[in-house]
Amino acid sequence: MSTLDIGGRAVPAAGHLAPPMPLKRLQGLSDRALAWLFVGPTILLLLAFNIFPLIWTIALSFTGYRANRPNADLVWVGGSNYSRVLADEDIWANMQATAHFLCWSITLELLLGFGLALLLNKRFKGHSFFSTVILLPMMLAPAVVGTFWKYFFEPQYGIFNHLVAFFGGPAGFTMLGDTTLSPWAIVLVDTWMWTPYVMLLLLAGLRSIPPYLYEAAEIDRASEWTKFWRITLPMVLPFIVLALLFRLIENFKMFDLVDQLTNGGPGSVTELASIHLKREAFEKWRTGYSSALAIILFVAIYGLSLVTVRFLDRVKQR
Amino acid sequence: MSAVLHPSGRGPLEPTRRAQWLAGILVVGYAILSLIPLVWIVMTSFRTPQDAIAYPPKMLAEPSLIGYVNLFTTRSRVSAEELASLPPPTTWYEGLVRDQQMILAGPSRFADRYLNSVLIGFGSTLLSVALGTLAAYAFSRFRVPGKDDLLFFILSTRMMPPIAVAIPVYLMYRAVGLSDTHLGLILLYTVVNLSLSVWLLKGFMDEIPREYEEAAMVDGYTRFQAFVKVVLPQAATGIATTAIFCLIFAWNEYAFALLLTSGTAQTSPPFIPTIIGEGGLDWPAMAAGTTLFLLPVLIFTVLLRKHLLRGITFGAIRK
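Protein sequences appear in the order of chains F and H.
Once you know that position 37 of the first sequence is 730 in the working numbering, the rest is easy, because the numbers rise by one and skip nothing.
Once you know that position 216 of the second sequence is 217 in the working numbering, the rest is easy, because the numbers rise by one and skip nothing.
Hints listed in this document are in silico derivations from the structure and should not be mistaken for laboratory results.
Careful: at least some of the hints might be erroneous.
To be verified - On the chain H side, residues computed to face chain F include the following (Cβ under 7 angstroms):
no.: 1; residue: Gln21
no.: 2; residue: Leu27
no.: 3; residue: Gly30
no.: 4; residue: Trp93
no.: 5; residue: Leu156
no.: 6; residue: Pro169
no.: 7; residue: Pro270
no.: 8; residue: Thr292
no.: 9; residue: Leu293
no.: 10; residue: Leu295
no.: 11; residue: Leu296
no.: 12; residue: Ile318
Unchecked claim - Straight-line alpha carbon distances no greater than 30 angstroms define the calculated BS3-like cross-link-like pairs of lysine-lysine that follow:
no.: 13; chain 1: F; residue 1: Lys815; chain 2: F; residue 2: Lys977
no.: 14; chain 1: F; residue 1: Lys1009; chain 2: H; residue 2: Lys148
no.: 15; chain 1: H; residue 1: Lys307; chain 2: F; residue 2: Lys818
no.: 16; chain 1: H; residue 1: Lys307; chain 2: F; residue 2: Lys815
no.: 17; chain 1: F; residue 1: Lys920; chain 2: H; residue 2: Lys148
no.: 18; chain 1: H; residue 1: Lys230; chain 2: F; residue 2: Lys1009
no.: 19; chain 1: H; residue 1: Lys230; chain 2: F; residue 2: Lys843
no.: 20; chain 1: F; residue 1: Lys818; chain 2: F; residue 2: Lys920
no.: 21; chain 1: F; residue 1: Lys843; chain 2: F; residue 2: Lys1009
Beta carbons: idealized from backbone N, C-alpha and C, even for Gly.
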């Protein structure tokens, strides 16, 4: 804290208008003070709203606390919350639902996004206009998007079933009421919303490839296929991994869209880990238990991200 | 777009015209398909509740402003005799309400929720950009001990699932009386946006040559004055871009708003899905609310399009 005090004393000095040229040493000191003064508030806020709650969550995860009974005696239960979470079969069902959602949404987004980026990179007339138009879905509020897809998926008056039938597909299905279809409904909506994100990233990747590589390949009379596998794909790979990293973090945390679209249903087939966490914490009020679940989820996201970052570093070095 | 006109030195690599046509058709096809939901929302907002749940769905329906009227008002049903005994409606919207055999009961809460979104969005954006600018400048120019670790720590705060943070924040806010207050949400959104703000702005600051400030300091400015008078104007575009990204996040945020607010400080995202009419959800009113809610973001997206990539990757990719 003493460094902050130095910063506090340095402010008035710095606030004077047109002072004489300060001494070299004094200026160095004021730089350091200024650095702490500038970084301090951010660090303090992050400590108060991130580190302190994190520690609190860790502490709660070892108790049987329930937020709807604040006056009850606090019972320390040791690691039993953790063992209960890990032994709970429902959690593994949620984790499977999360894995299904993550794998398919990210795969589809990467494939579609890469395809679109390759097409847009052909620089046809109006390509920049259409790249902006395609971006619109990802800027919208996911919760509101989820609400309206509920309307589109409605089998009677929704347009989704009618569009599918119009393009020759089957009729008379219920996207959100069917235990096999509704996991795909959330994949579909997420893909619709976030494909543009991947497209934008990969388009930047494609544009960063130096043209001389292709010119050299041209001289060697390489086929289009060879050029794609030997130049395009390896050069874009770091961008693909970066897209994977961002989508992984975001979709693992995903709550708003699915909460509105299916609220975990029907039954619990679309109950992603974060939806389950909300039910445990804010509907059943099992605060201690859900804190343990929260910590496990955070560790999982953090671990997955670290692995992806390592992979990204390896890909970049090549 | 003939190959000759292309100045990028890609002459022999220019895609053939046929490839360009094919790519164009596929992309336009995707764009149209992906815009159907958006267009449908806007169209629904101009329909009557009956048309919105017609089976099969109508492609075109008689336009109506009932959705917007219902969005901003509460109404109550009256009997035909009672309706006939009333004096004629004084405003156009009262007329629309009477056509549904109802009378106006008062304003709805939508305007309040929208205002909350604006207040909380702008409040948190202002704070996180101000704090982010200071921190980013320090990280960009000064030797801060443990700089890389601090920066990574700031980024990693974004990995916490919002629900996980919400548990202790809920308890903390309940203890200090910040539950369901504007200040509570403003502070929380400020903190969530700080990681984006610091990372993006650091990138922008790094791009401003140090020589500018050094020249100013040789002229007798202090470091602080040089920061205010030289660096800030240079960073204006970056600050504006960052501000818009923070605003969009706060505007769209749902999980914290749902769990930490219930009335006074509730923002639009948790409110819009709960708009109910007679006999179920009032889709045209919800569509109207959604249209008004999405409009600012659509405008910002078009304004931001050149910096979008940078914003969504936390400054990892600059163009």
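query = Honestly, which of those hints from before does the structure not fit?
reply = Hints 3, 4, 5, 8, 9, 11, 13, 17, 18, 19 and 21 contradicted; others consistent.
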